[in-house]
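Visitor: Each chain, letter by letter, is given below.
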Amino acid sequence: MSSGYLAKRLLLTLPTLFGVIVIIFVLLRVVPGDPIAMMVPPEATPADVARLRAVYGLDKPMWDQFLIFLGALARGDFGTSISLKQDVFGLVVGRLPATLELALVSIVFSLIAGVALALIATHLRGRWPEWAIDGFNSIALSLPEFLWALLLILALGVLIPLLPISGRFDPTQQLGLATQFYLLESLVRGNFTLAADLLPYLVMPALALSLPLIAVIARMLKSSLQDALVQDYVLFARINGFSAGRILIRHALPNALIPAVTVAGVHFIFLVGGTVLVELIFSYPGVGNMLYRAAVYRDLPLIQGITIAFAVLFVLLNLVIDLLYLVINPRVRHS
Amino acid sequence: MSVLAIEGLRLAIGETPILRGVDLAVERNCVHGLVGESGAGKTMVGKAIVNALPEAARITAGAIRFDGRDLIAMTGRARRRLMGRAIAMILQNPMTALNPVIRIGDQMADILAYHLEVSRRGAAARAAAMLAAVHIRDPERVMRLYPHELSGGMCQRVVIALAFACEPRLIVADEPTTALDVTVQYRVLRLLKEMQARTQSAVLFITHDLGVVAKLCDEVSVMFAGRIVESAAVADLFAHPRHDYTAALLAATPRYDRPASTLTPIPDALRTRLLQEAERV
Amino acid sequence: MRPFARRWNPRLVFGAIVAALLLGCTLFAAQLAPHDPMDQDLLNQLRPPVVMQGNDPQFALGTDELGRDLLARLIHGARPAVLVMLIGATLSGLLGMCLGLVAGYFGGWMDAAVSRTVEIFMSFPPMLIAIVLAAVIGPGLDTVIIAVVVIGWTRVCRVIRGEVLAMRELDFVASARTAGVSHLRIMFHELLPNLAPLLAVLFGLEMGRAIVTEAVLAFIGFSSSDVATWGAMIAGGRAYIYQAWWIMALPVAVIVLSVLGLNALGDGLRQATDPLLRR
Chain Z
0 MSSGYLAKRL
10 LLTLPTLFGV
20 IVIIFVLLRV
30 VPGDPIAMMV
40 PPEATPADVA
50 RLRAVYGLDK
60 PMWDQFLIFL
70 GALARGDFGT
80 SISLKQDVFG
90 LVVGRLPATL
100 ELALVSIVFS
110 LIAGVALALI
120 ATHLRGRWPE
130 WAIDGFNSIA
140 LSLPEFLWAL
150 LLILALGVLI
160 PLLPISGRFD
170 PTQQLGLATQ
180 FYLLESLVRG
190 NFTLAADLLP
200 YLVMPALALS
210 LPLIAVIARM
220 LKSSLQDALV
230 QDYVLFARIN
240 GFSAGRILIR
250 HALPNALIPA
260 VTVAGVHFIF
270 LVGGTVLVEL
280 IFSYPGVGNM
290 LYRAAVYRDL
300 PLIQGITIAF
310 AVLFVLLNLV
320 IDLLYLVINP
330 RVRHS
Chain D
0 MSVLAIEGLR
10 LAIGETPILR
20 GVDLAVERNC
30 VHGLVGESGA
40 GKTMVGKAIV
50 NALPEAARIT
60 AGAIRFDGRD
70 LIAMTGRARR
80 RLMGRAIAMI
90 LQNPMTALNP
100 VIRIGDQMAD
110 ILAYHLEVSR
120 RGAAARAAAM
130 LAAVHIRDPE
140 RVMRLYPHEL
150 SGGMCQRVVI
160 ALAFACEPRL
170 IVADEPTTAL
180 DVTVQYRVLR
190 LLKEMQARTQ
200 SAVLFITHDL
210 GVVAKLCDEV
220 SVMFAGRIVE
230 SAAVADLFAH
240 PRHDYTAALL
250 AATPRYDRPA
260 STLTPIPDAL
270 RTRLLQEAER
280 V
Chain F
0 MRPFARRWNP
10 RLVFGAIVAA
20 LLLGCTLFAA
30 QLAPHDPMDQ
40 DLLNQLRPPV
50 VMQGNDPQFA
60 LGTDELGRDL
70 LARLIHGARP
80 AVLVMLIGAT
90 LSGLLGMCLG
100 LVAGYFGGWM
110 DAAVSRTVEI
120 FMSFPPMLIA
130 IVLAAVIGPG
140 LDTVIIAVVV
150 IGWTRVCRVI
160 RGEVLAMREL
170 DFVASARTAG
180 VSHLRIMFHE
190 LLPNLAPLLA
200 VLFGLEMGRA
210 IVTEAVLAFI
220 GFSSSDVATW
230 GAMIAGGRAY
240 IYQAWWIMAL
250 PVAVIVLSVL
260 GLNALGDGLR
270 QATDPLLRR
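Protein chains in written order, with numbering that gives the first Met the number 0: chain Z, 0 to 334; chain D, 0 to 280; chain F, 0 to 278.
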């Protein structure tokens with residue numbers, strides 16, 4: 000797999016990214032409400048309003064605005080937030096680690112849980128664990144993360160008060176960390192007590208995000224495991240005296256992962272998209288949570304910045320999944 | 000004592016009887032052919048020996064004795080210890096027998112390390128040696144490849160190498176050359192004979208091809224409708240077939256020296272009579 | 000065609016009951032609700048439902064922080080949800096189906112255009128689109144419906160396109176072409192009936208999603224503000240979650256039930272109409 004292929008693949012993402020940028024630009028310029036009017040004090044004169052409008056470049060014709068927009072993006076200048084009066088790029092990048100950490104923890108957990116459930120359901124086929132796991136999958140898939148988040152809050156936050164229902168850490172606690180990647184950094188530094196304190200805040204949001212993905216992985220993988228187990232190479236392994244468990248993990252699983260990744264790949268992206276709502280419900284200080292306030296204040300530059308951040312994230316995630324597929328399927332590598 | 004002795008084996012899938020009392024014996028250093036039409040039950044015999052029967056299949060009577068011990072009566076664990084070490088099998092389709100996502104070298108090292116109880120590195124060295132023994136040039140390169148990058152003949156050589164690696168006492172070969180080109184067939188069969196002579200293993204060679212039987216086997220059993228109808232040394236069977244079915248089978252084989260208009264299929268009357276006999280048993 | 004009555008299955012029954020309840024609440028809210036949903040009774044704030052201590056029997060499911068009857072608010076909350084669900088899911092389903100049909104059947108530049116558009120739409124988290132749309136257009140039920148359609152059509156389009164791509168290669172399409180049947184007739188008379196079971200399932204799913212989208216936008220405050228909506232109840236209840244958890248729990252339960260019921264309806268309809276699934 001050459002770097003040429005990688006470059007080509009990256010290049011293919013550009014048209015999509017461009018389309019995304021155009022849509023963001025167009026959508027946010029069709030605002031019926033006037034963000035400037037929301038910002039100025041009541042005694043402002045029309046001249047003041049016009050001046051402010053010029054500062055934000057909202058008085059020029061559409062085409063000019065678009066070119067200026069593109070130019071600014073290329074320089075990394077995403078403008079200044081109207082409601083928070085700070086640099087948008089800085090704001091977004093500041094909150095991004097929190098969202099990334101949440102998404103990462105959720106994805107890793109989903110993978111482990113989904114694969115484990117699929118393996119158990121296949122190994123214990125025909126007995127009650129398979130039945131229970133199938134039922135769990137159906138239920139987990141039918142409700143979106145929003146509802147799971149609310150149900151979890153009620154169940155584990157209020158009725159049985161096990162976990163905190165908002166925020167990222169205890170405000171009275173000193174963190175002493177350099178980056179915004181709280182959990183990762185504390186693990187890397189070996190500060191396991193701090194990590195243990197941070198973890199409860201991640202449990203419910205991560206769980207709410209993971210449940211649909213776990214169900215998708217478990218279901219797909221169970222089906223492809225069953226397909227793999229009737230193949231000749233499994234028969235060959237059995238003839239060579241390997242135990243059922245070893246065959247399942249060493250022989251069937253690597254083959255079964257291939258079709259499963261194709262299907263599950265799209266759901267990883269849905270998971271990252273789900274952070275927008277879950278962050279809101281759990282008051283988790285990530286990028287998605289910022290969106291709500293920005294929307295209420297019609298803060299165009301901030302909304303723009305957040306949307307572009309998510310779009311770039313999605314495109315990158317797509318790329319990672321495609322590359323992952325190449326890694327696990329040797330047959331595709333050589334064509 | 001025979002290496003393999005099948006006594007009165009009966010097997011059914013659901014309500015349908017597949018094997019109706021099979022008696023068979025294979026001696027050490029002997030290649031024993033098992034011939035019959037498709038659907039006669041040959042493959043089921045092979046699968047019963049290596050415990051690879053489909054889920055719905057039930058053994059209703061009989062024993063499969065390996066060096067005197069009944070395999071059917073053994074515990075799963077004890078039987079598994081024999082598999083691959085004392086008893087090996089060569090499958091029909093070599094391309095699908097190997098795991099498509101694991102390199103050849105890794106697959107071989109896995110199996111050899113497990114059977115010979117050596118380290119991975121030792122196993123890898125053994126694997127290279129085995130590949131050379133089956134006449135594969137440049138074993139190091141082949142070991143880094145994936146199965147889909149090899150030809151059918153080469154895959155079968157790998158499978159044969161693995162089968163003989165532990166010098167098993169019994170090898171069950173289920174139509175090992177049927178999926179290969181004729182020219183490749185000849186080479187693979189010759190290789191089989193060579194390996195067998197070296198290890199002195201007993202071989203149960205399941206096939207529908209009488210020509211292969213003539214070239215390769217020492218003894219042969221003929222099967223029809225789940226029963227063995229005749230069993231003899233190869234030369235005897237071909238020269239003086241004792242059972243009607245054997246004679247009909249031999250006569251049905253197309254020959255190059257006879258004109259095409261003299262194709263003689265097995266007569267329906269014979270078939271019906273034999274089926275009725277089989278069902279009464 | 001077999002009589003419909005013989006194809007009843009448990010999922011369809013459950014789904015139909017839920018749908019009937021939703022519809023009933025929408026149409027007969029005024030008659031069903033025991034109180035006015037906006038009626039504040041400041042002497043009876045935060046009353047729990049009848050099964051718990053400290054309840055007042057005239058408020059069967061309790062009251063919220065302003066003393067408003069929760070049962071009445073739940074019943075009246077069905078209307079915005081059902082409106083969004085019916086209109087939104089139908090529109091997004093139609094749009095997705097047509098574009099998916101065209102893209103899958105004709106291929107070529109039409110497929111490329113549609114696929115590229117779908118890809119661009121799917122580069123955004125769906126909820127982000129909803130929130131941004133709401134910010135741009137302003138609060139209101141029509142905004143919610145637009146959001147539902149904008150998010151939902153891509154899902155339907157993708158699935159339908161995949162199915163049509165597969166069906167296009169089948170013999171019955173080829174024989175229709177050789178018989179001289181026009182493309183339009185093929186799409187609507189040959190392909191569509193085969194797509195019906197799949198469309199039933201998708202429709203059920205979209206309706207469930209529409210209800211959630213409405214609840215989410217109401218939760219944020221971008222849905223219609225003049226009536227009681229389930230999402231607003233959830234948002235309001237969240238502030239009192241430790242004292243009066245039922246204020247949030249009840250609308251959540253109702254939404255969960257609705258989503259499960261609508262999914263079951265779609266699945267049940269598929270089982271009833273799919274000729275390949277005859278039991």
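Any given hint could turn out to be false.
[To be verified] Partner residues aside, some chain F positions facing chain Z, computed with beta carbon under 8 Å: (1) Met109; (2) Phe123; (3) Ile130; (4) Val135; (5) Ile219.
I should point out that these hints are in silico values taken from the structure, not numbers from a laboratory.
Please read these numbers as outputs of a predicted model, since none were measured by experiment.
A virtual CB, placed ideally from N, CA and C, is assigned to each residue, including glycine.
Visitor: Hints broken by the structure, by number, lowest first?
Guide: As far as the earlier hints go, only 1 is violated by this structure.
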